[in-house]
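Asker: The listed protein sequences derive, respectively, from chains L and U.
Take the first sequence: its position 222, counted from the start at 1, is 226 in my numbering, and no numbers get skipped.
Take the second sequence: its position 208, counted from the start at 1, is 212 in my numbering, and no numbers get skipped.
Hints in this document: simulated from the structure, not taken from any laboratory.
Fair warning: there could be bad hints in the mix.
Copies of the same chain look alike in the list, so a pair counts if it works inside one copy or between any two.
Here are the computed lysine to aspartate or glutamate pairs in the EDC-like style, where the Cα-Cα straight-line distance is at most 20 Å [what the hints assert, rightly or not]:
hint: 1; residue 1: Lys77; residue 2: Glu195
hint: 2; residue 1: Lys135; residue 2: Asp233
hint: 3; residue 1: Lys77; residue 2: Glu200
hint: 4; residue 1: Lys77; residue 2: Asp204
hint: 5; residue 1: Lys224; residue 2: Glu15
hint: 6; residue 1: Lys32; residue 2: Asp78
hint: 7; residue 1: Lys77; residue 2: Asp325
hint: 8; residue 1: Lys32; residue 2: Asp207
hint: 9; residue 1: Lys32; residue 2: Asp174
hint: 10; residue 1: Lys230; residue 2: Asp325
hint: 11; residue 1: Lys32; residue 2: Asp260
hint: 12; residue 1: Lys135; residue 2: Glu395
hint: 13; residue 1: Lys135; residue 2: Asp393
hint: 14; residue 1: Lys32; residue 2: Glu15
hint: 15; residue 1: Lys347; residue 2: Asp314
hint: 16; residue 1: Lys347; residue 2: Glu313
Number of protein chains: 2
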Amino acid sequence: MIVETVTIGTELLLGQIVNTNATRIGEKLADAGFDHYHQTVVGDNLERMVDAITRAVGRAGAVIVTGGIGPTKDDVTRQALQAVAGVEMRYSEAYESELRRRWEARGRVMPESNLRQAEYPEGAEMIPNPKGSAPGLRLGIGDAWVFALPGVPAEMLPMMDAEVIPFLQDMSGDPAAVVVSRLIRSWGLSESRVGELLGDLFDQYDNPTVAFLASSGEIKVRLTAKAVDVETAASLVAPVEAEVRLRLGSHVFGSDDETIERVIEGLLEAEGWTIATAESATGGLIAARLTSVPGASAWFRGSVVAYHEDVKRSLLAVPGDVIEAEGIVSEATAVAMAQGAAKALGADVGVAVTGSAGPEPQEREVGTMIVAVHTPEGTRARTMLLPGDRERVRTYTTTAALQLTRLALQGSWWKGDSQSLWGVGPGAGR
Amino acid sequence: MIVETVTIGTELLLGQIVNTNATRIGEKLADAGFDHYHQTVVGDNLERMVDAITRAVGRAGAVIVTGGIGPTKDDVTRQALQAVAGVEMRYSEAYESELRRRWEARGRVMPESNLRQAEYPEGAEMIPNPKGSAPGLRLGIGDAWVFALPGVPAEMLPMMDAEVIPFLQDMSGDPAAVVVSRLIRSWGLSESRVGELLGDLFDQYDNPTVAFLASSGEIKVRLTAKAVDVETAASLVAPVEAEVRLRLGSHVFGSDDETIERVIEGLLEAEGWTIATAESATGGLIAARLTSVPGASAWFRGSVVAYHEDVKRSLLAVPGDVIEAEGIVSEATAVAMAQGAAKALGADVGVAVTGSAGPEPQEREVGTMIVAVHTPEGTRARTMLLPGDRERVRTYTTTAALQLTRLALQGSWWKGDSQSLWGVGPGAGR
């Protein structure tokens with residue numbers, strides 16, 4: 005089944021917010037095996053909404069409209085559906101009671117504007133919205149099902165999962181509707197190098213499809229197979245996955261939801277080790293990534309963000325003569341910081357970053373970033389030279405530090421050039 | 005002039021990457037005073053690209069197409085423009101030489117596939133791409149100007165600024181083309197409360213327009229005026245800005261690019277103070293936000309991410325009897341952490357966070373987060389109860405900690421309820 009999305013919101017067109025709704029819906033449609041060929045964004049303008057929805061209804065088996073169903077008068081998605089379907093507007097007394105009950109339960113007086121949310125085009129079913137007051141709508145128009153969902157992601161996404169996707173799966177009746185998707189995660193090769201290594205697989209396979217994308221230095225390869233049942237789809241994915249893993253070798257660090265943080269957690273738990281970080285230029289980003297893992301307190305001890313030289317000396321016990329002889333942005337200082345973090349924070353493993361993130365150079369050229377990793381088996385450091393502005397340098401260094409930690413825990417170390425950290429070669433287009 | 009965007013990329017439809025290009029282009033068009041009514045996303049499919057561009061050309065004075073101009077064979081934007089314009093494809097020997105020169109300068113052999121980038125539809129001008137190898141294109145089709153730009157943001161955005169926007173400004177010849185925009189930043193009120201306070205301004209004004217948006221707990225109000233010159237536009241904005249500031253009162257903390265980090269920097273510099281943080285549940289996010297400011301080393305000393313209780317005791321010198329009597333998730337512990345951070349890191353101001361971010365509760369209900377701020381003038385703490393998952397709780401707490409730091413530095417303190425941190429009231433739609 006072809007599904008199309010129409011995202012409503014003047015703030016999207018003005019660039020005030022990023023259209024993550026379209027992204028997340030696209031991801032859910034892909035995972036469920038639906039085809040998604042068009043996304044349209046229009047503002048809170050009835051005429052353009054009617055035009056966009058009419059066009060989508062003519063092309064797709066289902067249309068998902070987000071936004072414009074709130075209580076304010078610029079919310080006109082209900083009116084747009086009514087116009088496209090050519091039906092009357094109805095009013096749900098039952099939903100009015102429900103709305104009044106909710107507000108009373110909070111001890112608050114309901115603004116009367118909320119009653120707009122009890123209106124619906126004739127023939128539409130209301131879709132429950134457990135996280136908010138605006139119900140969704142489902143309405144058959146011509147040969148298409150049209151869904152109207154809230155624009156607030158925390159309300160819309162659960163409604164997609166609970167109502168829209170299951171309904172469409174029932175309706176589509178596609179015997180090959182089972183989809184198995186595999187994400188293979190790698191680091192340390194440029195996007196163009198991955199393209200060279202895997203290019204023939206793109207042409208050779210269409211089930212599973214092979215796609216790859218780069219983000220913050222990681223390259224992810226996604227294999228997606230469709231089949232009549234899970235076993236068949238999985239058996240289509242397996243040989244291609246094996247081939248991808250063979251070609252990318254030790255650059256592969258995980259699959260599916262095994263993020264680098266999760267992989268590090270697994271490696272630490274296998275050894276019974278704890279970890280601590282000492283950060284300068286990354287300013288806490290490595291600690292923030294590690295502590296994004298629920299349950300990190302079992303293996304993450306803490307971090308010292310040593311921005312000022314005094315802090316490196318006092319809390320991390322970096323010897324003054326090392327700093328004087330080698331400088332702050334040096335492998336010797338990074339090594340002392342990693343060892344100092346492990347000691348000061350009572351951890352087995354210490355990860356340290358020092359560098360010159362810009363915009364003004366500190367001792368060395370802007371983009372010079374050094375990572376050191378100390379484990380009970382030894383300490384190593386690595387100097388990188390990264391292009392880009394301060395924020396990109398910090399982000400890529402954070403990923404590099406986590407990846408070098410993984411390699412150190414696995415007893416290996418990365419030998420590529422800095423360019424491969426970027427995932428971008430000289431001729432990269434998109 | 006009406007400008008429309010067509011973003012090309014199957015990875016956008018599959019939800020593999022977020023369409024930030026459309027957002028950034030929308031922002032630039034709004035800032036330049038162009039109307040932007042439609043955004044369309046289609047995959048790397050010639051037929052659908054031709055259809056989308058044809059439709060856009062029929063509605064707009066200019067169409068900006070991003071993506072699909074790279075060297076690989078799924079890059080077919082040139083072919084789409086050729087088809088829409090109904091012209092022949094030409095080949096630039098000059099650009100071929102330029103491409104060969106660039107690759108030779110890097111000492112690398114150019115894959116012949118790169119020569120696709122020397123092709124152009126008859127009548128098109130090439131637009132220089134200083135950051136990459138795929139040149140942009142500008143072609144008049146019917147009454148519209150069509151631009152093809154790379155999909156890589158780091159290449160596309162400078163081309164928008166240097167070539168596309170200035171060209172369109174010259175072409176539009178709109179006497180009211182000067183736009184003055186003002187962003188007023190606030191924190192501590194819910195989105196629905198801001199809506200109540202400012203609702204009549206939305207209806208009353210259309211020049212400047214009044215819009216607001218919530219992100220990570222901050223509410224931003226944007227005023228945008230169009231006029232024949234900057235002075236006139238600014239004079240339209242000024243009285244509305246004064247009214248907004250009057251109504252939102254001390255919740256306003258800055259305007260335009262004065263982020264909360266910048267505001268804190270200014271307050272610290274005015275006092276000649278330095279700052280340090282002690283973070284538990286936020287795991288380094290506060291330090292990372294502060295160090296995102298270039299030049300933060302002048303006033304940011306460092307941070308102790310004290311995840312384990314031992315670290316709170318050892319590096320931050322939180323007294324064991326405080327932890328035993330009050331617990332780790334307590335205002336007393338937060339106060340001791342803030343004071344300990346200032347002392348251990350040699351700073352005048354200490355900011356501390358402790359709490360129960362989930363998914364498992366730690367001592368207190370999940371979402372219980374405590375912020376303490378110590379300054380030379382005193383120490384205060386505040387307990388909040390935040391809904392949402394671990395990542396949202398961490399993000400909102402980080403913003404709250406920065407805002408409470410600002411209030412403490414200004415000698416005031418926040419008295420609202422936790423709900424206002426979310427920017428979301430019970431009836432919020434979008």
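Asker: So, for every hint listed, does it hold in this structure?
Answerer: Checked hints:
no.: 1; hint: Lys77 to Glu195; verdict: between (47 Å within a copy, 16 Å between copies)
no.: 2; hint: Lys135 to Asp233; verdict: neither (34 Å within a copy, 46 Å between copies)
no.: 3; hint: Lys77 to Glu200; verdict: between (53 Å within a copy, 13 Å between copies)
no.: 4; hint: Lys77 to Asp204; verdict: between (54 Å within a copy, 12 Å between copies)
no.: 5; hint: Lys224 to Glu15; verdict: between (31 Å within a copy, 12 Å between copies)
no.: 6; hint: Lys32 to Asp78; verdict: neither (28 Å within a copy, 24 Å between copies)
no.: 7; hint: Lys77 to Asp325; verdict: neither (68 Å within a copy, 57 Å between copies)
no.: 8; hint: Lys32 to Asp207; verdict: neither (25 Å within a copy, 37 Å between copies)
no.: 9; hint: Lys32 to Asp174; verdict: within (16 Å within a copy, 43 Å between copies)
no.: 10; hint: Lys230 to Asp325; verdict: neither (62 Å within a copy, 61 Å between copies)
no.: 11; hint: Lys32 to Asp260; verdict: within (15 Å within a copy, 36 Å between copies)
no.: 12; hint: Lys135 to Glu395; verdict: between (34 Å within a copy, 18 Å between copies)
no.: 13; hint: Lys135 to Asp393; verdict: between (39 Å within a copy, 14 Å between copies)
no.: 14; hint: Lys32 to Glu15; verdict: between (24 Å within a copy, 13 Å between copies)
no.: 15; hint: Lys347 to Asp314; verdict: both (17 Å within a copy, 13 Å between copies)
no.: 16; hint: Lys347 to Glu313; verdict: both (18 Å within a copy, 16 Å between copies)
In terms of the numbered hints stated before, the structure departs from hints 2, 6, 7, 8 and 10, listed from lowest to highest.
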